[in-house]
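Residue strings, one per chain:
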Amino acid sequence: MKTNDVILQSAAKLVVFVILTFSAYLFLSGHHEPGGGFIGGLMSAAALVLLALAYDLDTIRSVLPVNYRIVTATGLLLAILTGAGSFLFDRPFLSHAFDYFTLPLLGKTELATAVLFDLGVYLAVVGVTMTIILSIGEDR
Amino acid sequence: MSNLVIMPLLVPLVTAVLLIFFHKRLRAQRILGAVSALINIAVALGLVLHVRGNGIATLQLGGWAPPQGIVFVADMFAALLVLTTAIVGACCLFFAFFTIGEPRERHYFYPFFHFLLVGVIGSFLTGDIFNLFVCFEVMLIASYALIVLGGTKRQLRESIKYLLINIVSSALFVTAVAYLYGTLGTLNMADLSMRVAEAGQDGLLTLLSVLLLLVFGLKAGLLLFFWLPGSYSAPPPAVAAVFAGLLTKVGVYAIIRVFTLIFYHDQAVTHVLIGVLAAITMSAGVIGAIAYRDVHRILIYNIVAAVGFMAFGLAVASREALEGATFYLLHDMLVKALLFLLGGALIAGAGTSRLAEMGGLIRRFPLLGWLLLVAALALVGVPPTSGFVGKLLIVQGGLAEGWYWITGISLASSLLMLYSMMKLFMAAFWGEEPLHRPPSASRVPTGVYWPIGALTVLVLALGVGAQWAMPYVAMAADALTDPQIYIDAVMKE
Amino acid sequence: MEVLLCIAAGMLFTVGTYLILAKSLLRIALGTSLISHGVHLLLLTMAGVKRGAPPLLGEEAQAYTDPLPQALILTSIVISFGVTSFFFVLAYRAYKELGTDDMEQLRGQGDE
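Residue numbers (our numbering), protein chains in the order written: chain A, 31 to 170; chain B, 12 to 504; chain C, 1306 to 1417.
Hints were generated in silico from the structure; no laboratory data involved.
Cβ coordinates follow ideal geometry from the N, Cα and C atoms, glycine included.
Within a straight-line C-alpha distance of at most 27 Å, the following computed DSSO-like cross-link-like pairs (lysine-lysine) qualify: (1) Lys-1328/C x Lys-172/B; (2) Lys-1401/C x Lys-172/B; (3) Lys-1401/C x Lys-1328/C; (4) Lys-164/B x Lys-1328/C; (5) Lys-1401/C x Lys-164/B.
If the Cβ cut is set under 10 Å, some of the chain A residues that face chain B in the computed set are: (6) Thr-102; (7) Ala-103; (8) Thr-104; (9) Leu-106; (10) Leu-107; (11) Ile-110; (12) Leu-111; (13) Gly-113; (14) Ser-116; (15) Phe-117; (16) Asp-120; (17) Arg-121; (18) Pro-122; (19) Ser-125; (20) His-126.
For reference, chain A alone in the conformation it holds in the complex (with noise of 0.2 Å):
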């Protein structure tokens, strides 16, 4: 049976960005402040998967032609890459460094190591929850 579902299409082409804005704001928002990797790549798999919902499968994958197991590997080796990266200096894995720099539009900021291991989390726990959910949604 063809459902109607415009309501939820429309209303999905819109949500998504925002979604995805928030997550990308709770990811960076995680050195000082709640928020983080971890629950920035669930809330983006949220988006995504609001998408498979409103539309249909096939059509994420043409839409977004990526292989989640593939994320996955990208993120865990990422985030092994950068504690390991503490072995070139003498220190114990997953030391993580931090200074201040000052760049053109954002002035002064904090760039730190723990981000780009943060980015492996987000990685890892986008491709994680997507491959769990398409490959229990795509058999039916």
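Fit chains B and C to the given chain A structure using the hints.
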């Protein structure tokens, strides 16, 4: 601080992740996996030598000091287990190259295999209870995937039970962690040990230790082994060998660690309980091994019996017995993996796992037969092999501490183990070939003899070179008998 | 508050245990996820439900909340999420492949 401590974990982890990128190129996966497995043996060997030279090595992740920070600890006991894990893992991996088959390879077999190694090695190296739980879960999730990979009906059926048992035991594990944190306010093992020693091990803490014993006993198959025969006979031999060699041993390791480092005060309750459980496990294991006439079952019930043996060594808790338990644990990891690889090759060659349908295989597979005989003798502990030293030490310790009953049971069960293995050997290799060879009988690829041969050589070398290996085992037993050594090493920096 | 949480955790355990003992795979899967919720609640309760500022730099407060149990619970939730979803997929596959979700019929033969 030494980053070497975490290297044996990072090597398989990075490999597993890289393998996902190569999931379409099987050849690249094999080469990468093989190289990484060999590198990891070297790294683990380096760790053992480092610990031998410099004492217990610790690594505070991110530079955060314990008890707040996460700490990885490599004492000799853990380092030796890591080395054995790396060796067993590499051998099973090479065995898998020849036997696992392309469909499984394409469905991420190798990444899961390496993730499993990450979990096992992490469990050995971690210095706090919660990370022990996390590493257990990494190992278990990888094992869920490995056990079901291939998706035959039998695998699906057995993996449901395996999964369910492990989910329940993980829930109990977190419960125990919650109570531990509620009562003692820390989860770092060295810190826990200090606080238990300070506060005295009262009834509540003893109860908690029994809860932990229950959890680890489920994983190790100590008394609670009823899930084991079904789930270990479902997956292909390379996977079954890894499970047999490594998974139950992680449970045994956790029991030994917890009851030598943290809860060693109330031995009248906990250690006697472990001793009784060990006796029941040994008896039940050998009864199973005698009763069944099926290759899988006989080997699996021998795992159960061996777990009882190690637990007995822990229960005695004298220095000699702990040395024996350590030695036997190392031996058992090698020999169980070896036996399961041999069993897998045997079943592939005979086309069936039932002894009644085998016979006369020595003509077709002479090498396999004699190797199986050697492995069986090593399992039982006939002198020049590695099983002998461990058993001797455990039995000596048991007699010296007055555990006559259980020592008697363990000796009797060793005899019956010998009987069950001889039954397997004679029924499979001697006699006449059955009139109708099962249609699934096939050739055994010659490549599988490499990993099997390597493990056999190691088992023999560990037995003959026991004199040479003993200083390492003694050093492991030092830290097990005197928790202060471990605590000082973790808390010093 | 602690008492209430303890009772809630106990109820989750009870219901979860009851469901795990059922025959149908779906109920068993639900039971395991309920038990893991109960465990997480227990972890939260055992560590003490404290009222305090978030344990962050710059919060000049008298008391801080202990961050460790929350980290533990988060880790544990992630793990149980992964395992539960795996269990559901496995149960579904098993149902399609074996044609039943009745544990009695998934028992397997004694001779294999």
